[in-house]
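Peer 1: The opening position of the sequence shown corresponds to residue 1 in the numbering used here, with each subsequent residue numbered one higher.
In case anyone wonders, no lab produced these hints; they're calculated from the structure. Misleading hints may appear alongside valid ones.
As the list claims (entries may be wrong) - Derived DEER-like restraints, expressed as beta-carbon distance ranges:
1. Thr143 x Arg257: 22 to 28 Å
2. Lys69 x Val168: 36 to 42 Å
3. Thr143 x Thr253: 34 to 40 Å
4. Lys76 x Lys151: 21 to 27 Å
5. Asp231 x Val258: 26 to 32 Å
6. Asn4 x Ala218: 35 to 41 Å
7. Ala233 x Glu146: 40 to 46 Å
8. Pro89 x Lys151: 14 to 20 Å
9. Ala197 x Arg234: 16 to 22 Å
10. Phe107 x Ala21: 37 to 43 Å
What the hints assert, rightly or not - List of simulated lysine-lysine pairs, BS3-like, C-alpha gap at most 27 Å:
11. Lys93 x Lys50
12. Lys122 x Lys139
13. Lys97 x Lys77
14. Lys122 x Lys93
15. Lys93 x Lys76
16. Lys151 x Lys139
17. Lys69 x Lys246
18. Lys93 x Lys139
19. Lys246 x Lys50
20. Lys75 x Lys151
21. Lys122 x Lys246
22. Lys50 x Lys122
23. Lys69 x Lys97
24. Lys151 x Lys97
25. Lys69 x Lys144
26. Lys122 x Lys69
27. Lys59 x Lys97
Just so it is clear, the structure is predicted and the values come from calculations on it, not from any experiment. Backbone N, C-alpha and C define an ideal beta-carbon position, used for all residues, glycine too.
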Amino acid sequence: MLFNPQRLLLIAGPCSLENEATCVAVADVLARLRHVDPALNIIFKGSFDKANRTSGSGKRGPGLATGLKLLAMVKKKYGFPVLTDIHLPEQAKPVAKVCDVLQIPAFLCRQTDLLLAAAATKAVVNVKKGQFLSPQEMKYVTTKLEEGGAKEIWQTERGSTFGYQNLVVDMRSFAIMRGYGHPTVFDATHSVQLPGAAGGASGGQREFVPPLARAALAAGADGLFIETHPDPARAISDGPSQVPLKDFPLLITSCLRVWRAARGE
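Go ahead and model the full structure; you've got the sequences and the hints to work with.
Peer 2: Structure (structure tokens):
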């Protein structure tokens, strides 16, 4: 099992893999955090393709071949397990040759063929709860993965659509989804998105990442998903939601305190 209940699961990295310099800058900080506190179970994440851009002109990332090379580099150099999204069933096998965790994007969480293809690889599957789903409906998503033979399943809460261009987080989700027998993760950065609110791109309110991340851990989340970038203003996707890399260590330190307190430590 890649998940360890005695350690805080932290899925972290840039939104898009972008390039080697961005990956190395983030991985360096994550490596230092790992040495400072062994309670962290760090998974490096990055997307090779941002396939659901608001506008067709939005930058999508380095692509499958280059993206997998970047993830393989991080895995070899730093020893982190790595995670990336897949969007099509045929991507599952080649991605699983490099990645320890296959992620199902929120918009695609009900796509049966995609779920079954991911499950068949025997890699860990992290499925994000769609903005349009209740936590109760995730039972049917995880059941598809179980029936497909998935060995390990994680469920990620990323907020629910609230009117137009806004999301809210129901903190009951973690207890409800854990009832299906799989760890729950809180996506602190996508939950503060303002979808489509930045003139053909998504806006965001990164100032709410810290309080929401801490609240989720207090509510019983087993892990956090947080995107970070050396210079979010220059990120090719989701810049307004990403945590500046310089602020990331302090955020994680505060989250660890809450995680330990929630466990009675």
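Peer 1: Evaluate each hint against the coordinates.
Peer 2: Against the structure, the hints:
Distance hint check for Thr143 and Arg257: the Cβ-Cβ separation is about 36 Å, which falls outside the suggested range of 22 to 28 Å. In this structure the supplied range 36 to 42 Å holds for Lys69 paired with Val168, their Cβ-Cβ distance being about 38 Å. Against the hinted window of 34 to 40 Å, the Cβ-Cβ separation of Thr143 and Thr253 comes to about 37 Å, which satisfies the hint. Distance hint check: the CB atoms of Lys76 and Lys151 are about 23 Å apart, consistent with the given range 21 to 27 Å.
A beta carbon spacing of about 28 Å between Asp231 and Val258 agrees with the range 26 to 32 Å that was offered as a hint. Checked against the hint of 35 to 41 Å, the pair Asn4 and Ala218 fails, with Cβ atoms roughly 20 Å apart. With their beta carbons about 42 Å apart, Ala233 and Glu146 fall inside the hinted range of 40 to 46 Å. The given range of 14 to 20 Å is respected by Pro89 and Lys151, whose C-beta atoms sit roughly 18 Å from each other.
The supplied range of 16 to 22 Å is met by Ala197 and Arg234, whose beta-carbon atoms lie about 20 Å from each other. At about 29 Å, the beta-carbon gap between Phe107 and Ala21 misses the expected band of 37 to 43 Å. Straight-line distance between C-alpha atoms of Lys93 and Lys50 comes to about 19 Å, which keeps the hinted pair within the 27 Å bound. The suggested pairing of Lys122 with Lys139 holds, with an alpha-carbon distance near 20 Å, which does not exceed 27 Å.
Distance check on the hinted pair: Lys97 and Lys77 sit about 17 Å apart at the alpha-carbon level, within 27 Å; holds. Distance check on the hinted pair: Lys122 and Lys93 sit about 10 Å apart at the alpha-carbon level, within 27 Å; holds. For the suggested pair Lys93 and Lys76, the alpha carbons sit about 20 Å apart, so the restraint of at most 27 Å is met. For a cut-off of 27 Å, the pair hint linking Lys151 to Lys139 stands: about 16 Å separates their Cα positions.
Taken as a hint, the Lys69 and Lys246 pair is honoured in the structure, with Cα atoms around 26 Å apart against an allowance of 27 Å. For the given pair, Lys93 sits about 25 Å from Lys139 by alpha-carbon distance, which is consistent with the 27 Å threshold. About 24 Å separates the Cα atoms of Lys246 and Lys50, which keeps this hinted pair within 27 Å; it holds. Our distance criterion of 27 Å between C-alpha atoms is met by Lys75 and Lys151, whose separation comes to about 21 Å.
The straight-line distance between the Cα atoms of Lys122 and Lys246 is roughly 36 Å, outside the 27 Å bound, and the hint therefore fails. For the given pair, Lys50 sits about 24 Å from Lys122 by alpha-carbon distance, which is consistent with the 27 Å threshold. For a cut-off of 27 Å, the pair hint linking Lys69 to Lys97 stands: about 11 Å separates their Cα positions. The suggested pairing of Lys151 with Lys97 holds, with an alpha-carbon distance near 16 Å, which does not exceed 27 Å.
Proposed proximity of Lys69 and Lys144 is contradicted: the alpha carbons are some 30 Å apart, above 27 Å. For a cut-off of 27 Å, the pair hint linking Lys122 to Lys69 stands: about 21 Å separates their Cα positions. Among the hinted pairs, Lys59 with Lys97 is consistent with the structure: their alpha-carbon atoms are about 26 Å apart, no more than 27 Å.
When the structure is compared with the earlier hints, violations turn up for hints 1, 6, 10, 21 and 25 and for no others.
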